[in-house]
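Q: The lines below spell out each chain.
Number of protein chains: 4
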Amino acid sequence: MTEPQPQLPPTTALVEDHALHATTDKWFEYVVKAHPHHTDYGGIVWHGAYVTWMEEARVECLQSIGINFTELVRLGCDLPVVELSMRYHRSLKMGQGAVVKTRMMEMKGVRIDWAYQIQNLDTNELCVSALVTLVAIDRDNGKILRRLPPAVQEALVKLSRP
Amino acid sequence: MTEPQPQLPPTTALVEDHALHATTDKWFEYVVKAHPHHTDYGGIVWHGAYVTWMEEARVECLQSIGINFTELVRLGCDLPVVELSMRYHRSLKMGQGAVVKTRMMEMKGVRIDWAYQIQNLDTNELCVSALVTLVAIDRDNGKILRRLPPAVQEALVKLSRP
Amino acid sequence: MTEPQPQLPPTTALVEDHALHATTDKWFEYVVKAHPHHTDYGGIVWHGAYVTWMEEARVECLQSIGINFTELVRLGCDLPVVELSMRYHRSLKMGQGAVVKTRMMEMKGVRIDWAYQIQNLDTNELCVSALVTLVAIDRDNGKILRRLPPAVQEALVKLSRP
Amino acid sequence: MTEPQPQLPPTTALVEDHALHATTDKWFEYVVKAHPHHTDYGGIVWHGAYVTWMEEARVECLQSIGINFTELVRLGCDLPVVELSMRYHRSLKMGQGAVVKTRMMEMKGVRIDWAYQIQNLDTNELCVSALVTLVAIDRDNGKILRRLPPAVQEALVKLSRP
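Protein chains in written order, with our numbering: chain H, 233 to 394; chain V, 233 to 394; chain S, 233 to 394; chain R, 233 to 394.
The following block holds chain H by itself, in its conformation from the complex:
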């Protein structure tokens, strides 16, 4: 019998009923290496350092489908993280490489879920699995957008087609 997981209070961004749904099975891969500044007293990557790698992989994944994140911000749209869940399966040691694999798991309206698998580059062992949810907001007023900017939506939908 599984026990109920502790629940976090919902974010206001969680309720969405927009029609557009999209997903994709293809993983985008981004290679990183554990440098001294990533490590902690244990000689392994500090648990928060993975968050920087996940962000970098996401920005580069968007770039690979034609969405320049900086340009998006300049146009007044931001994509802040509203949810983040991580599981640490195995540690990564200083000097080891890893591949950060990410894919858009689901896009519902202005909410975009990204899945992550971070694997040791040498052993292929899974180090971290994670989920990140972004939501599109208007930078001028901080409010959640009713829909994604058309260019972003088109690029993401195109990404999700087989």
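Where hints are given, some of them may not hold.
You can't tell identical chains apart in this list, so a pair holds if it fits in one copy or across any two.
[Said to hold, decoys possible] Straight line, CA to CA, 20 Å or less: simulated PhoX-like cross-link-like pairs of lysine-lysine:
| hint | residue 1 | residue 2 |
| --- | --- | --- |
| 1 | Lys333 | Lys265 |
| 2 | Lys325 | Lys375 |
| 3 | Lys340 | Lys375 |
| 4 | Lys340 | Lys390 |
| 5 | Lys325 | Lys265 |
| 6 | Lys258 | Lys333 |
| 7 | Lys340 | Lys258 |
| 8 | Lys258 | Lys375 |
Derived by calculation from the structure, the hints in this document are not laboratory data.
Chain H is already provided as a structure; the job is to place chains V, S and R on it using the hints.
A: Chains V, S and R in isolation, oriented as in the chain H frame:
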């Protein structure tokens, strides 16, 4: 009808059937301030920066009940994060203060769940809610301990008593 | 015979001939603690982590004399670091506290030099000594200001009086 | 007339009279990109973030000449930073790439000076110039080594030959 949440694969640390359970309702409070280095291009605290504050609050909470984290590590026990979930409700701007509230939510065997509420110090608004799971490991071999070091267990059980 | 130190090329901000000079002998003190995320594989504070503490101490020192850094930025003035020199004398270990002592060493026009001494809180040993130079710029165009905003200059001059 | 620069107290590591001197004119190049987590409220790379890039470039430069930093640490030798000087000439904005150029400027005994030039990848403009001094220590006792491990010295001397 709520949709099923995407699921992360379980960590090996998730299955535990040790007898000791403990919890506490008292929040430990740790005050922080958003400094320039915490911010990103949006002038708000970067989402990964909260992870540093949560760690600091946890270390200080342990200290407040007599568990010195550095000493624990020196004695050969480590308490790595094996799970982390965060929800970002409101942003925190540069110069704003926040209180990081944490409490031990559940201790089952060598697994310890911590709940977090990070509130804007001025408005009391909830900025971030989070859950962090630690597991006790033996630093020599990296294996999960069968039980917490007695001093740690006693301190945590004492903490959980009304 | 001492050897000449290697020289860095000058920043454009280095040449200044404004009339206002000010300095102060009083140290502002800011207490910090070495947490796990500050450490590296050696179990000591990673050399770059001190830069975050120095920034925090500087912001709090300015606040203590009535200059709110966030407000300054909102008004269109920024104080970026244009030079930074650090010497690492002794390491600081996880769990150890330190006091970051800072004082305005010299203010010439829109250039402000800050001196730092970071001492182990238990032993009083000097861990790091540093110099940081800020220069006031106009956020709108990124250009160096001809003079400090009057409120800032007055506060700094007042600070420098015996 | 140039004014005397403010002086930091010498580190104990500064006095060295070992015979071996070496230098090199060849720059090692390491490409980076300014991601959201590197930025601050100004939308530019936070001044401390460059320190992480400089470390990464140094580790990769050493690797390129056959010195594996992690292996060196495992063998009991560490190369902590004992001095760091940086000048910030131009800012780097989110989304911009940069090349971190580094070269061993001088090796005297167990002291190794590294020079840095960080240039905007698009414009070739110089963003940051820096000097970093490392010193070899024995990890067991934290003392400065009398000489570099032979493999390291040979690799560095080889690097410095035309």
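Q: Give a verdict on every hint.
A: Status of the hints after comparison with the structure:
no.: 1; hint: Lys333 / Lys265; result: both (14 Å within a copy, 19 Å between copies)
no.: 2; hint: Lys325 / Lys375; result: between (41 Å within a copy, 16 Å between copies)
no.: 3; hint: Lys340 / Lys375; result: within (17 Å within a copy, 41 Å between copies)
no.: 4; hint: Lys340 / Lys390; result: within (15 Å within a copy, 46 Å between copies)
no.: 5; hint: Lys325 / Lys265; result: within (9 Å within a copy, 23 Å between copies)
no.: 6; hint: Lys258 / Lys333; result: within (9 Å within a copy, 35 Å between copies)
no.: 7; hint: Lys340 / Lys258; result: within (18 Å within a copy, 38 Å between copies)
no.: 8; hint: Lys258 / Lys375; result: neither (31 Å within a copy, 34 Å between copies)
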